[in-house]
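Novice: Dock chain B against chain A, hints included.
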Amino acid sequence: MSEMNTDETLVVRMVNITKHFPGVLANDSVNLDLHRGEVLALLGENGAGKSTLMNMLVGLYRPDSGEIYVKGKLAEINSPQDSMALGIGMIHQEFMLVGNMTVAENIILGMKDLPFVPPMAEIKAKITELSKRYGLQVYPDKVIQDLSVGEQQRVEILKLLYRGADILILDEPTAVLTPGEARDLNEILKKMLAEGKSAIFITHKMDEVMEFSHTVQVLRRGKSVSSCPTNTIKRVQDLANMMVGRDILFSLDRGPYKPTDVKVEAKNLTVLPIGGGKPVLDNVSFSIRGGEIFGIAGVAGNGQQQLTEALTGLLHVDSGNILLNGKDMTNKTPLQVIKTGVSHIPADRGRMGVVGDMSVGDNLSMKKYRTDELSSHSVIKRNWVRKFADHLIEAFTIKTPSQDTSVKFLSGGNIQKTILAREIDSCGGILIAVYPSRGLDVGATESVRQNLIKQRDKGNAVLLVSEELEELLMVADKIAVMFEGRIMDIVDADKASTEKLGMLMAGVEREEV
Amino acid sequence: MRLGLEKRDFRSKRMTVLVPIISLLISFLLGAIVLGISNANPLQTYGAMLKGAFGSQTKIQYTIAKAIPLLLCGLAVGIAFRLKFWNIGAEGQYVAGVIGITWVMQFWTFLPEMLLLPVGMLVGVLCGAFWGGIPGALKAQWSVDETLSTLMMNYIIIGYAEYLYINAWKAPRGNMGTVLYPNSAWLPRIWGRVHSGVYFALILVVILWFVLYKTRWGFELNMIGKNRRAAQCQGVSIKRNIILAMIVSGGIAGLAGVIDSAAVTHQLTKGVNSGYGFTGIIIAWMSGLNPFVSIVVALIMAALETGSDALQLMKLPAAMGEVMQGLILIPLLAGSIFTEYKLVVHTNHKEATV
Chain A
1 MSEMNTDETL VVRMVNITKH FPGVLANDSV NLDLHRGEVL ALLGENGAGK
51 STLMNMLVGL YRPDSGEIYV KGKLAEINSP QDSMALGIGM IHQEFMLVGN
101 MTVAENIILG MKDLPFVPPM AEIKAKITEL SKRYGLQVYP DKVIQDLSVG
151 EQQRVEILKL LYRGADILIL DEPTAVLTPG EARDLNEILK KMLAEGKSAI
201 FITHKMDEVM EFSHTVQVLR RGKSVSSCPT NTIKRVQDLA NMMVGRDILF
251 SLDRGPYKPT DVKVEAKNLT VLPIGGGKPV LDNVSFSIRG GEIFGIAGVA
301 GNGQQQLTEA LTGLLHVDSG NILLNGKDMT NKTPLQVIKT GVSHIPADRG
351 RMGVVGDMSV GDNLSMKKYR TDELSSHSVI KRNWVRKFAD HLIEAFTIKT
401 PSQDTSVKFL SGGNIQKTIL AREIDSCGGI LIAVYPSRGL DVGATESVRQ
451 NLIKQRDKGN AVLLVSEELE ELLMVADKIA VMFEGRIMDI VDADKASTEK
501 LGMLMAGVER EEV
Chain B
1 MRLGLEKRDF RSKRMTVLVP IISLLISFLL GAIVLGISNA NPLQTYGAML
51 KGAFGSQTKI QYTIAKAIPL LLCGLAVGIA FRLKFWNIGA EGQYVAGVIG
101 ITWVMQFWTF LPEMLLLPVG MLVGVLCGAF WGGIPGALKA QWSVDETLST
151 LMMNYIIIGY AEYLYINAWK APRGNMGTVL YPNSAWLPRI WGRVHSGVYF
201 ALILVVILWF VLYKTRWGFE LNMIGKNRRA AQCQGVSIKR NIILAMIVSG
251 GIAGLAGVID SAAVTHQLTK GVNSGYGFTG IIIAWMSGLN PFVSIVVALI
301 MAALETGSDA LQLMKLPAAM GEVMQGLILI PLLAGSIFTE YKLVVHTNHK
351 EATV
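Top line first, the protein sequences correspond to chains A and B.
Quick note: the first sequence uses the numbering used here, first residue 1, plus one each step.
Quick note: the second sequence uses the numbering used here, first residue 1, plus one each step.
Mixed in with the good hints, there may be bad ones.
[To be verified] Computed spacing ranges between beta-carbons, pair by pair:
#, chain 1, residue 1, chain 2, residue 2, range
1, A, Val15, B, Asp145, 49 to 59 angstroms
2, B, Arg14, A, Gly135, 51 to 61 angstroms
3, A, Asp207, B, Ile207, 56 to 66 angstroms
4, B, Phe130, A, Asp372, 31 to 41 angstroms
It is worth saying that the hints were derived from the structure and are not from the lab.
Don't be surprised by glycine CBs; every beta carbon is placed ideally from N, CA and C.
Excised from the complex, chain A in its bound form (with noise of 0.2 angstroms):
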């Protein structure tokens, strides 16, 4: 391997790349090296610069100092145009396709070389033969709607394959994808690398990096602080180590099981869908107590989203009860709910939970700006708000430049911080908490779960959705598992293995396992 010449080999080659945003230097000197035929596992926490580093390789920032070498070459990229002209196309987290129209017209899209009436019988012929030589099944004429997300995201791959990419970047590309999707993403990689391209994926997750990549480069603060051929890693806690530069704690404090009265009844909710179809809650029943945190497993999509919405007061539910501290609160108002004393961390942090455009601490004295604590008579009193969210942006250690930045500016683990410290600050007994962990890196990962089990042990309800089987077994005292709009089984967790959960996802009827 050492007579190769690595000139040859190297497509990408980043020198001291520079970045500030005001107040944050987002990279710091990174030096990347990419070869071809390569996976590059790009493996920070949220915040650590990854995003930062590869919008500059496609043109979407431009570096404050540094240099790019593409295939040998100096590189002055501006634009993700620019960036495509090298054969260097990326696959953003949010997907870039018109809903209503077909593969092949999302896939010429935006291309600028076509003739006024394009040749579609050449394109889509072109399209399948792309699509079979690298095993995507994708089929020019359905319609992007009808797609599944995994489907949708192999349409992105073509669409840059089809324009010549050689080299992609691909933006934490399992966290929408079932295991399954999730391997066939890496037996597609696995083509195209056979056939000398090249490709970057950026993720904060350790087994990926383990089963995905030749190589893992690790950012932490804005730093590169290593790179090394992924065989030469022993242990997956090392990598952990380098990427949060100390030892994590894979265990966490928790007090004994003592659980108290029923905080939480639902009493077969059903809720059918608009237009009719199967229900997407089925006579759902089970209650949570005090002191308990009630874990709910599932792929996402099986009805967890919506018994949270109505638990919440957000969705109508067609029959059932719901008793939340002893009240009967079926289809009350979400203010009615918040009232008797629930806390809410929603699925979608920024579409949910903050308002991207107001205040950290606006944001943080969302649901108390309505008790006599920060206002009087209808009048917010603007220094008591002032107070107490300094007081909370301490207590939660939320990093922000000042109480007055605007929360979009925050990174994604500060944002879910903000939502922590306003919901649990005015809990009352139950706290909902739906995929808080999702998409965080492992420092803040911790300190959520961290708070859900303080809950726990100071006597509230906890009700957690996740994905993730680890984290309900090492959080969770019950979990239920959903599976399409019903209650499957609900099992004690310290009897629960991830194989009978797995089943139960899966559909299969406890009497079956």
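Specialist: This is chain B only, laid out in the frame that chain A set:
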């Protein structure tokens, strides 16, 4: 060298102030081109307009009197816009207000004369509030698109007003217009043409500023406007607030109509759909929904209207003033991009930012 836009990491405060000023100047430049095409000397014309708007005490008074309903309409529209509820029906809510006060003045003769004005004003405001509340309720209950419903509601009420002043409520003499309100029920003038409606407008500015920036309701409106779903999750009722905001918005537009008819026209007649409600949209937008800034913008808009009368002396159509009003909004809308983005000049190795 190439130009490009780059997203700012923070909303630029400097640009928020500079953009309206610069775009105002640009719109005057664009206006100069239009004037040039019409064979008029732009400088002379602007000079004449300036004189027409502020050239003498009387002219200043006219401009201020015109600014009063404009300011109120700007405030009315601004409230709804905070919620991203696109109320383009201030025009109709204004007319509803005029109909309301005229109804009281004409038919509530059982009232003592002293009470005619206050009761008339109140009824007018309620009519405006009702007319604004309908599209609010339609939106809240059945998600009816408000741009269409508010616009259509304008045509309904303007047509109805026409029927009233030409037919049902027509004064015995003349061929259109209602009987003039009794003298004792006119809003008094305080300085030439400037009437006491100016107090209502200015007090309302202070009240609205307080409500929008200091109270729980203002906080809720802000939340809804910036992220409806998140506001809902925090227990804020979207339906209730949309209806409430539209009632307030319609009421203020109604107040504009009430004040202008009680102080200036003293009747319901042709010209009641004065276009104030539409100009209010420009005012709300240019002021960035800030009540205090609205005062300045309303004065500029009023000056454009009074100033354009002077254009006729220069053998130019008075409609040129409306052309100018329209031209003001375009550079502003285009310019607002610079508060969120910055202009980047790419040269080969260096870059400069503006």
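Novice: Each hint should be assessed against the structure and marked as holding or not.
Specialist: Verification of the supplied hints:
Taking the beta carbon of each, A/Val15 and B/Asp145 are about 54 angstroms apart, inside 49 to 59 angstroms as hinted. Judged by the Cβ atoms, the range 51 to 61 angstroms given for B/Arg14 and A/Gly135 holds: they are separated by roughly 54 angstroms. Range check, A/Asp207 to B/Ile207: about 60 angstroms between beta-carbon atoms, so the 56 to 66 angstroms window is met. The hinted range of 31 to 41 angstroms is satisfied by B/Phe130 and A/Asp372, whose Cβ atoms lie roughly 35 angstroms apart.
Checked against the numbered hints listed earlier, the structure breaks none of them; every hint is satisfied.
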